[in-house]
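Participant: Here's the letter readout for the chains.
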Amino acid sequence: MTGNLLELSDLHVSYGRAEVLHGISLSMKPGSIVTVIGANGAGKSTLLNSIMGIVPSKGTILYNGASVPRSVEERVASGLCLVPEKRELFATMSVEDNIELGGFLRSTSERAETREDVYTRFPRLAERRKQLAGTLSGGERQMLALARALMSRPRLLLLDEPSLGLAPKIVIDILNIVSELRKTGVSILLVEQNARAALEIADEGYLVELGEVKLSGPASELATNPALMESYLGTHA
Amino acid sequence: MDAMIATFLIQDGVTSGAIYALLGLALVLVFSVTRVIFIPQGEFVAYGALTLALLDSAKVPATISLLVFFGAIAFVLDLWSMRRGTDGRTFLRSVGLNLVLPGAIYGLTTVLAPLDLPSFVKALLTIMIIAPMGLYIYRIAYRPLADASVLVLLICSVGVHLAMMGLGLVFFGAEGLRAQPLSNANYTMGMLMVPAQSLWIYGATIGIMIALYVFFERTLLGKALRATAVNRLGARLVGVRTQLTGVTAFMLAATIGAVSGVLIGPITTIYYDTGFLIGLKGFVAAIIGGLASFPITAIAAIAVGLIEAFASFFASSYKEVIVFGLIIPVLVWLSLNNAFHEEE
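Respectively, the protein sequence lines represent chains A and B.
In terms of my numbering, the first sequence opens at residue 137 and continues consecutively.
In terms of my numbering, the second sequence opens at residue 144 and continues consecutively.
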């Protein structure tokens with residue numbers, strides 16, 4: 137028992153014959169933000185999907201000191217929640233219904249309580265309650281995806297590229313919201329291409345290249361690591 | 144053709160159209176939630192009508208043995224999937240759902256069947272016998288294929304349809320039966336004579352539509368079903384189990400099938416294989432609705448009923464050809480429309 141919230145050891149994932157993750161090990165403490173950075177195709181999304189149980193994996197995933205439950209639904213019930221890269225919202229349903237469904241596994245009173253918190257956190261969504269999710273702007277969709285995830289009262293939030301396709305100003309908004317969330321006790325595993333911004337809000341960082349962990353350490357150290365600076369942050373950092 | 148005949152045909156068409164609407168809605172429901180094209184939908188209609196007819200003649204309907212038989216198979220499958228260890232709750236739930244429930248319905252029916260029950264009670268009993276079959280059919284045939292392609296699921300549907308039709312022949316025999324109407328009264332409205340059974344059909348159809356609307360718009364489970372239809376991965380990520388939505392969809396479909404059977408049993412003679420043809424007409428309506436839209440399906444079903452009624456008057460030997468021929472222009476139109484969307 138290490139006191140870690142999440143501990144991956146020697147995680148392998150294959151699509152058919154092609155192995156995309158070659159033995160990833162990662163650990164994160166409760167209440168922390170850990171970021172996984174790396175280029176496109178490095179296997180970052182696959183990593184999150186395997187933690188969520190959407191893709192099968194070999195190796196061990198310890199969650200809260202025990203083996204993670206088998207099905208996706210049990211994992212959601214135990215407090216894991218993934219906000220996928222494509223958001224996967226219910227486009228033809230209202231904002232309100234999307235949020236409501238986020239709390240599908242929680243009791244009516246828990247849902248009511250969290251709903252209130254979510255609408256205070258995202259006033260924009262409260263204004264657009266009745267609007268269809270598919271008609272929202274990119275930033276609003278990402279907010280809705282986060283709001284829906286929060287409705288499941290997660291202990292560990294897995295965020296896949298929350299800044300993807302958003303205007304720079306909105307990226308800052310979203311990342312601010314993410315670091316706000318940590319104050320409520322939620323731990324966050326953040327996958328980002330925007331390495332600089334991610335390292336700024338994270339405690340620990342992992343650099344993944346071609347399915348392997350190349351570098352890891354405190355985020356502040358990684359942000360000044362020369363090798364990493366050159367390839368991901370731009371040399372002038 | 145005079146106005147008298149026209150009103151008769153319209154009345155006839157709307158009555159059968161209402162039944163097709165129910166079946167069409169069930170097909171859209173099952174397809175959008177599970178991607179299964181539910182060909183056996185019609186079998187539930189036949190089972191329902193035949194069960195009611197047997198209850199009318201104070202006989203114990205063979206469907207209860209069939210129900211116990213389905214339950215037993217589902218239980219064996221559950222046992223097989225539990226072979227690598229399970230917990231007490233899962234086991235007890237499986238026993239309750241697959242053995243105790245059909246057993247209780249079996250017992251209740253054998254006690255009640257010989258009594259001279261009011262027709263409404265017989266109708267309810269029929270629905271109670273048929274509806275759980277949706278659950279077992281899902282467990283036996285579709286749950287193991289939850290991740291299969293639409294084509295595989297369609298092939299499975301054909302198999303289930305053939306199996307259920309065959310079992311219908313074994314359990315009911317080749318003879319057709321006609322049930323008693325829920326009420327023998329007739330009402331006259333102007334020159335039109337409306338049998339009470341038709342009013343039951345309209346009422347039940349409208350009632351089920353309203354109930355479905357409330358279920359999908361107001362309840363969390365209903366919203367979860369819609370969510371599954373809109374985005375399967377999204378639904379899983381919020382913790383909606385595929386099995387839960389699948390079971391719910393099939394239970395609703397079987398219930399709607401049983402209700403349709405109870406409604407149609409008294410107005411036409413039903414054979415073990417009649418259900419297929421009735422279900423197919425619901426399917427025509429569902430196709431016109433793009434297997435997605437409930438309102439279009441309902442309206443299309445009424446249109447199918449009307450066209451069928453008029454076709455049987457003007458060209459009775461081509462009746463089915465005309466009704467099923469409808470599907471071709473609709474498919475052409477739908478595919479043209481889709482191509483347009485892609486260009487946008």
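Calculated from the structure, these hints are not laboratory results.
Mixed in with the good hints there might be a few duds.
[To be verified] With the Cβ distance kept under 10 Å, some of the chain B side facing chain A (calculated, not the full set):
no.	residue
1	Ala146
2	Met147
3	Ala149
4	Ala367
5	Ala378
All residues carry an ideal CB built from backbone N, CA and C; glycine is no exception.
Participant: For each hint, tell me whether it holds in the structure or not.
Facilitator: Results of checking the hints against the structure:
| no. | hint | verdict |
| --- | --- | --- |
| 1 | Ala146 | 44 Å, violated |
| 2 | Met147 | 46 Å, violated |
| 3 | Ala149 | 40 Å, violated |
| 4 | Ala367 | 6 Å, holds |
| 5 | Ala378 | 8 Å, holds |
Of the numbered hints stated above, those contradicted by the structure are hints 1, 2, 3, listed in ascending order.
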